[in-house]
Amino acid sequence: MKHRADGHRRFLGLRPSAWLRRVFPTEPRRASPSAGGYEPIEDYALIGDRVTCALVSKRGSIDWACFPRMDSPSVFARILDAKKGGCWSIRPSVPFHSERRYLPDTNILETTFRTPDGEAVLTDFMPTQAADFERLGESAIVRILRGIRGVVPFEVVFEPRFDYARSLPTWSVHERNGVRASHFDESLTLHTAVPLRIDGFAARANLRLGAGDTATFVAAYRRPAPLVWRSGVEEEAHRALRATEAYWREWIARCSYDGPYAEAVRRSALVLRLLDYAPTGAIVAAPTTSLPEEIGGVRNWDYRYCWIRDATFTLYAFNVLGYHAEAETFLSWVFDMTRGQPQSLRVLYGIGGEQENVEFELPHLEGYRGSRPVRVGNAAQRQRQLDIYGELLDVAYYEHRCGCSVAPDLWPLLRASVDYICEAWRTPDYGLWEIRAAPRHFVYSKVLCWVAVDRGIRLARAYELPCDLERWEAAADEIRRTVLEQGFDPTRGTFTQAFGYSDLDASLLALPLRGFLPADDPRMAATIERIAAELATGPGGRLIRRTSPSFDDGLPGDEGAFLLVNFWLVDCLAMMGRLSEARERFEYLLSLANDVGLYAEMVDPETGAHLGNFPQAFTHVALISSAANLAAAEGRRPLPALAPAQ
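Residues 2 to 647 in this note's numbering are what the sequence shown spells out, letter by letter.
No lab work stands behind these hints, which were simulated from the structure alone. Note that the coordinates shown come from a computational prediction; the quantities given were computed from them, not determined experimentally. One thing to keep in mind: the hints can contain errors.
Said to hold, decoys possible - Only pairs whose alpha carbons sit at most 20 Å apart, straight line, appear in this in silico EDC-like list of lysine to aspartate or glutamate: (1) K85 with E156; (2) K85 with D164; (3) K84 with D478; (4) K84 with D186.
What the hints assert, rightly or not - Label pairs and their in silico Cβ distance ranges: (5) E100 with S592: 34 to 42 Å; (6) S592 with R437: 27 to 35 Å; (7) G260 with D469: 38 to 46 Å; (8) A131 with V95: 48 to 56 Å; (9) A438 with E474: 31 to 39 Å.
Glycine included, C-beta positions come from ideal geometry on N, C-alpha and C.
Given the sequences, and given the hints that come with them, work out the whole structure.
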């Protein structure tokens with residue numbers, strides 16, 4: 002591995018722009034759009050209304066959308082089966098080039114199509130509750146075409162496929178107001194003045210758009226199916242556009258972050274807000290299922306649920322940005338889910354609070370670029386993952402550090418969680434990576450058990466809350482001592498993935514972020530150096546999340562470079578005072594975002610193509626935290642993103 006580490010050190014001497022030109026040419030690296038009919042994952046952008054959402058490709062196709070919620074069965078799923086998944090495409094019927102952007106400080110997507118004879122703009126968004134659009138449906142997707150110059154011919158294809166493409170819809174047509182696709186008691190109605198025709202199992206239209214012309218399309222979901230057709234939708238759509246734009250700009254205006262890389266931070270915040278399910282405050286890990294960690298592989302998971310871990314990471318980011326109400330809402334929701342009993346705390350929940358889900362496969366779907374199986378549900382729900390208690394206590398403590406008091410009615414749950422961990426920390430678990438092999442005594446999990454007890458002690462002292470403080474202090478000391486003795490390999494001079502193993506693991510980068518040890522402690526510094534060298538892969542020394550190909554996590558195949566831990570390395574370097582290296586790495590990671598600032602869970606270490614579910618909350622949270630940690634290290638922000646005062 003030495004040649005990789007040496008090459009990486011040479012890279013750190015380059016200016017970011019020079020390095021970017023060397024590793025990534027001007028033209029982005031990606032899979033061909035014609036590769037099996039699938040667009041590259043990074044060619045998608047997200048729109049949503051905080052109830053559900055949709056992925057829109059650069060070519061103007063909505064290839065993923067679920068109704069009525071983010072975790073409901075799909076209505077458009079072309080991203081998981083190019084032939085029968087279903088999509089809603091609006092694009093020129095002649096060769097074209099497209100560019101896109103989000104309207105500043107919003108989640109409203111604008112795609113510009115240019116052809117040899119003209120130019121037109123497609124605006125895509127989902128009206129928020131502020132738009133008062135509910136009379137058309139529970140959720141709606143609005144698409145507005147506007148001619149800019151010349152004449153552009155467009156083709157519209159509207160082919161919903163309900164229930165993960167297991168059912169074909171029945172159609173009804175209104176000669177002036179559009180078409181309706183129905184499936185049992187649910188429907189998706191396409192309202193438009195553009196004449197549509199039913200062709201097989203799709204509605205189609207062709208139109209020519211001149212400069213100044215507009216065409217409006219509104220797909221409204223409703224259950225049960227409406228009995229009447231609505232008219233005048235075009236005017237409502239434009240009013241909803243203004244209201245939705247105002248909603249997003251008002252929300253982002255509350256962002257208190259004024260440090261470096263503000264544009265990327267604000268975009269990440271807007272992405273995370275889309276993943277925050279408005280009715281309950283639950284936060285999904287990602288809005289998609291089964292986008293592969295390896296093309297053609299089996300590591301394809303459903304992330305459309307609320308993981309306690311992922312949600313608390315998101316709340317860190319919201320707190321860093323000044324959004325404290327979201328944390329209070331989530332903690333109250335967790336209290337309701339557990340009824341104050343920590344033993345009943347689950348790894349993940351349905352976004353409506355559902356406590357049971359069954360993982361199953363959809364064999365009729367091909368999977369993204371042939372990556373099978375396509376899964377619904379996630380069996381990790383039944384795993385023991387002890388770190389979630391530390392995540393929960395840490396976010397409560399971070400609320401306190403940010404000047405927000407912890408609600409008194411939450412203390413019984415927090416206290417009971419610490420009492421539980423004082424005993425449970427001695428048991429093995431499945432860890433941060435949710436392995437599907439035998440459980441281990443993972444160092445990350447043990448450290449987060451220490452975090453749970455440590456933060457409980459800090460909160461109890463700060464608010465003079467009742468607890469068995471003597472027992473807690475003894476447990477915290479014992480956990481810490483055990484980690485330092487059994488989780489550290491004196492021969493290599495580094496911490497290890499688990500007790501009794503010598504493997505490195507990128508999760509160890511979180512130890513200084515949680516205040517377990519300073520980043521410049523010799524034991525921690527050596528661990529960081531070895532991780533950067535031994536877990537590096539691809540150009541520039543990006544990290545993978547596993548230790549080595551020999552590590553058995555219970556699954557075949559491989560995965561891409563896990564972006565979360567790359568940002569953690571930035572944090573560690575910043576906390577060690579190695580700011581130049583930290584900035585270089587951070588700016589490189591910024592270059593891996595797609596054209597509108599979105600990230601998947603992973604990237605291919607050789608090509609930079611996105612892998613895994615998209616967009617991924619973990620990655621955007623880590624970006625925000627790293628930007629804040631860089632600002633703190635430079636003296637431009639008063640608080641680090643994660644670690645408590647030592």
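These are the hints, each one checked on the structure:
| no. | hint | result |
| --- | --- | --- |
| 1 | K85 with E156 | holds, 19 Å |
| 2 | K85 with D164 | holds, 12 Å |
| 3 | K84 with D478 | violated, 58 Å |
| 4 | K84 with D186 | violated, 25 Å |
| 5 | E100 with S592: 34 to 42 Å | violated, 18 Å |
| 6 | S592 with R437: 27 to 35 Å | holds, 33 Å |
| 7 | G260 with D469: 38 to 46 Å | holds, 40 Å |
| 8 | A131 with V95: 48 to 56 Å | violated, 38 Å |
| 9 | A438 with E474: 31 to 39 Å | holds, 35 Å |
Hints 3, 4, 5 and 8, counting from the list given before, are not met by this structure.
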